[in-house]
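Q: Now for the letters of each chain:
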Amino acid sequence: MKKCRILGLFGNFDDAFAAIGDFRNHKVDGITVDDVTFLSPIEHPDIDDVLGPRKSHIPKVTLCGAAFGITFGFLFLASAQSNFLIQPQGGKAIVPLPSNIVLTYEMMILFSVISTVIAFLITTRLFRKRKSLYSEKITLDQVAIEFEVDEKYIESIKGVFKEHHVVEVREEVQT
Amino acid sequence: MQNNEIYKDINEDLKWAQINKDILSSMENPRKGYWISVAACLALLSLAIIAEVYQYNVGMGAANLNWPHMWDLYIATFIFWIGMSHAGTLLSAILHIMNADWRKPIYRFAEAMTTFSLLTAGLFPMIHLGRLWNMYWVLPYLTDRGIWPNFRSPLVWDAFAISTYLSSSALFLFIGMIPDLAICRDNAKGWRKKLYTALSLGWRGDDRQWRNFRRTYLIMACFLIPLAVSVHSIVSSDFAMSIMPGWSVTSFPPYFVAGALYSGCAAIITLFILLRYYFRWEEYMTIAILEKTAKLTFAIAMVWTYLNLIEFCSVWYGHSFADKEVLLAKFTGPYAPWFWLMIFCGSVVPFALAFEKWRRHLPTMMVVSILLNLGMWLERWMIVAPTLSLSYHPIAHDVMWASWVQWFIVAGSFGWFGLLFLVFVKVFPSVSMYECKEMVLHRRELAHKEISPVMANNPGGGAPASGVANKSPGVEGS
Numbered sequence: 050m051k052k053c054r055i056l057g058l059f060g061n062f063d064d065a066f067a068a069i070g071d072f073r074n075h076k077v078d079g080i081t082v083d084d085v086t087f088l089s090p091i092e093h094p095d096i097d098d099v100l101g102p103r104k105s106h107i108p109k110v111t112l113c114g115a116a117f118g119i120t121f122g123f124l125f126l127a128s129a130q131s132n133f134l135i136q137p138q139g140g141k142a143i144v145p146l147p148s149n150i151v152l153t154y155e156m157m158i159l160f161s162v163i164s165t166v167i168a169f170l171i172t173t174r175l176f177r178k179r180k181s182l183y184s185e186k187i188t189l190d191q192v193a194i195e196f197e198v199d200e201k202y203i204e205s206i207k208g209v210f211k212e213h214h215v216v217e218v219r220e221e222v223q224t
Numbered sequence: 499m500q501n502n503e504i505y506k507d508i509n510e511d512l513k514w515a516q517i518n519k520d521i522l523s524s525m526e527n528p529r530k531g532y533w534i535s536v537a538a539c540l541a542l543l544s545l546a547i548i549a550e551v552y553q554y555n556v557g558m559g560a561a562n563l564n565w566p567h568m569w570d571l572y573i574a575t576f577i578f579w580i581g582m583s584h585a586g587t588l589l590s591a592i593l594h595i596m597n598a599d600w601r602k603p604i605y606r607f608a609e610a611m612t613t614f615s616l617l618t619a620g621l622f623p624m625i626h627l628g629r630l631w632n633m634y635w636v637l638p639y640l641t642d643r644g645i646w647p648n649f650r651s652p653l654v655w656d657a658f659a660i661s662t663y664l665s666s667s668a669l670f671l672f673i674g675m676i677p678d679l680a681i682c683r684d685n686a687k688g689w690r691k692k693l694y695t696a697l698s699l700g701w702r703g704d705d706r707q708w709r710n711f712r713r714t715y716l717i718m719a720c721f722l723i724p725l726a727v728s729v730h731s732i733v734s735s736d737f738a739m740s741i742m743p744g745w746s747v748t749s750f751p752p753y754f755v756a757g758a759l760y761s762g763c764a765a766i767i768t769l770f771i772l773l774r775y776y777f778r779w780e781e782y783m784t785i786a787i788l789e790k791t792a793k794l795t796f797a798i799a800m801v802w803t804y805l806n807l808i809e810f811c812s813v814w815y816g817h818s819f820a821d822k823e824v825l826l827a828k829f830t831g832p833y834a835p836w837f838w839l840m841i842f843c844g845s846v847v848p849f850a851l852a853f854e855k856w857r858r859h860l861p862t863m864m865v866v867s868i869l870l871n872l873g874m875w876l877e878r879w880m881i882v883a884p885t886l887s888l889s890y891h892p893i894a895h896d897v898m899w900a901s902w903v904q905w906f907i908v909a910g911s912f913g914w915f916g917l918l919f920l921v922f923v924k925v926f927p928s929v930s931m932y933e934c935k936e937m938v939l940h941r942r943e944l945a946h947k948e949i950s951p952v953m954a955n956n957p958g959g960g961a962p963a964s965g966v967a968n969k970s971p972g973v974e975g976s
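Here the protein sequences line up with chains Y and S, keeping their order.
Residue 50 is where the first sequence starts when you use this note's numbering, and the numbers rise one by one after that.
Residue 499 is where the second sequence starts when you use this note's numbering, and the numbers rise one by one after that.
Hints were generated in silico from the structure; no laboratory data involved.
Predicted, not measured: the structure shown is a model, and the values here were computed from it.
Heads up, a few of these hints could be off.
Calculated pairs, DSSO-like style, for lysine-lysine (alpha carbon to alpha carbon, straight line, at most 27 Å) [to be verified]:
1. S:K822 - Y:K186
2. S:K513 - Y:K186
3. S:K855 - Y:K186
4. Y:K186 - S:K687
5. Y:K186 - S:K692
6. Y:K211 - S:K924
7. Y:K201 - Y:K51
Work out the full structure, taking the sequences as your base and the hints as a guide.
A: So this is what it looks like as structure tokens:
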């Protein structure tokens with residue numbers, strides 16, 4: 050069975066949400082709300098209620114970045130300080146904790162931010178070539194529902210789209 | 499009804515397509531004033547380049563920087579620009595966390611201000627060193643010559659803190675701009691199309707991207723706030739951790755942070771008025787938003803004034819003879835005119851912001867915001883110069899005035915910042931389009947909620963029956 054992509058453009062959130070509601074209620078056998086990709090010019094505040102909870106792993110990566118920043122920052126400074134014995138320390142600590150806390154704090158923030166950004170780039174699947182079904186109207190004022198499904202579901206999905214006043218339907222068979 | 503219109507942050511009847519069109523077309527066709535400003539910035543920058551080349555060839559004596567005045571306008575201006583950088587953090591991160599959505603049309607340029615202020619501030623320690631080629635000595639790198647920075651010094655902390663702040667705020671600015679860059683990509687032609695295609699990283703606006711985008715933005719905002727506070731606290735430590743009279747003050751870190759937020763807010767007002775004029779953004783940079791920014795500035799001005807008084811009181815009631823001498827010299831000595839001008843600009847002028855009539859009057863706000871920033875710049879100068887002219891040893895008692903070289907470089911820093919900023923606002927959307935759309939949707943929902951109870955009592959009232967809140971002004975609306 051060939052895989053197909055289908056994209057329905059809607060003029061407003063209400064119609065699109067109603068269509069998603071139908072997919073949630075299994076109006077098309079074999080299609081669930083988890084198969085829905087929803088595209089919009091903004092993040093609608095109710096989108097989580099409509100699509101159901103979907104996880105984001107970014108906070109965990111941020112936490113790892115912060116832990117790495119603290120460890121690396123402190124060890125980097127301490128190893129540098131303990132290797133630099135040319136300068137007389139005058140009775141002061143070779144690894145001074147108060148100043149290292151300040152610098153470790155900065156390192157923690159830096160690595161947290163960098164790891165958050167890297168996690169964002171990976172989890173959002175940016176840097177990928179845009180799918181051909183993308184419509185420029187999505188960044189203008191329309192919303193879209195996209196599926197990547199077996200060919201046999203296409204007509205049923207189109208039927209649901211039409212029921213909810215779809216403005217335009219685009220489809221593509223994957224080779 | 500018409501009276502209510504002027505108190506609206508944004509007009510909820512704006513069509514989404516109209517928002518894209520307004521912002522994108524105005525970026526390409528600014529008013530003449532924009533080009534005049536670019537020319538003025540270039541002229542100022544040229545002055546600074548001439549002065550810097552002269553100083554580089556002749557030596558630091560050309561700037562009148564000599565013992566005991568090793569720090570003067572350069573370091574004062576460095577602190578001023580670091581302070582200015584707090585604008586973005588305040589408007590973007592703090593207000594984002596507090597769900598103050600009126601910030602949405604204006605936070606982008608405030609974030610850009612942060613990045614460009616830091617880039618400007620970063621130049622001053624290098625210029626101040628004189629030996630530009632040795633700047634890298636402050637960086638922690640291993641060397642067999644035994645050169646190693648002193649990690650106990652707040653000056654090294656500065657290098658860490660500012661570079662962390664610069665990288666984080668630049669990433670924050672860029673990440674927040676990605677959905678708008680996608681809008682630009684879908685509408686641009688020629689070189690702009692190529693640029694926006696590369697920078698939008700293939701953004702499609704799917705639910706996965708939005709969900710992760712929101713998380714990322716919120717997490718970064720949470721990190722940026724303590725970072726901004728730490729940066730200016732560390733800058734204040736350059737002074738507070740010394741033993742110089744007038745500098746070793748416990749309240750310096752909060753005083754510096756309040757001053758930073760203050761000057762940042764004042765600069766936002768100035769740039770708000772200029773951008774509104776240059777790009778005809780009256781629909782987005784509304785008077786209601788300006789008024790809220792002005793109120794915020796007034797509140798911060800009062801905090802700053804209080805911290806100023808606290809600083810004077812702790813010195814006055816303390817028992818340090820030298821500290822008291824410096825304080826008295828500020829009140830009555832050779833720097834007194836500048837000190838009192840600072841007090842006037844920083845503590846008296848902000849009372850203009852307490853009056854609604856003036857808060858809503860653009861020319862008045864322009865003058866007030868410039869005076870506030872003048873006060874904030876003078877504040878930094880009044881921290882640096884009087885102490886250096888009156889330290890512990892009588893042999894070091896000397897008043898020195900900056901030469902033309904210093905003044906030109908200070909003026910040039912405004913040109914440099916202005917140029918970076920003006921290029922940015924011309925190339926990138928400085929009004930967040932997707933967030934204006936969110937605002938419009940939100941306001942429409944609120945309007946619908948206000949209409950609904952009326953509708954319950956008056957079913958035939960003629961208002962839309964349902965679905966108003968979620969109707970994007972898309973195909974049906976446009």
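Q: None of the hints should be skipped; say for each whether it holds.
A: Here's how the hints hold up against the structure:
Of the pairs offered as hints, the one joining K822 of chain S and K186 of chain Y is violated, with about 67 Å between alpha carbons and a cut-off of 27 Å exceeded. A hinted pair counts as satisfied when its Cα atoms are at most 27 Å apart, and K513 of chain S with K186 of chain Y qualifies at roughly 14 Å. With a C-alpha separation of about 42 Å, the suggested pair K855 of chain S and K186 of chain Y falls outside the 27 Å cut-off, and the hint is violated. Among the hinted pairs, K186 of chain Y with K687 of chain S is consistent with the structure: their alpha-carbon atoms are about 16 Å apart, no more than 27 Å.
A C-alpha spacing of about 19 Å is found between K186 of chain Y and K692 of chain S, which places the hinted pair at or below 27 Å, so the restraint holds. A distance of roughly 42 Å separates the Cα atoms of K211 of chain Y and K924 of chain S; the hinted pair therefore is violated under the 27 Å criterion. In summary, the hint linking K201 of chain Y to K51 of chain Y is supported, as the alpha carbons are separated by about 9 Å, within the 27 Å threshold.
Going through the hint list in order, the structure does not satisfy hints 1, 3, 6.
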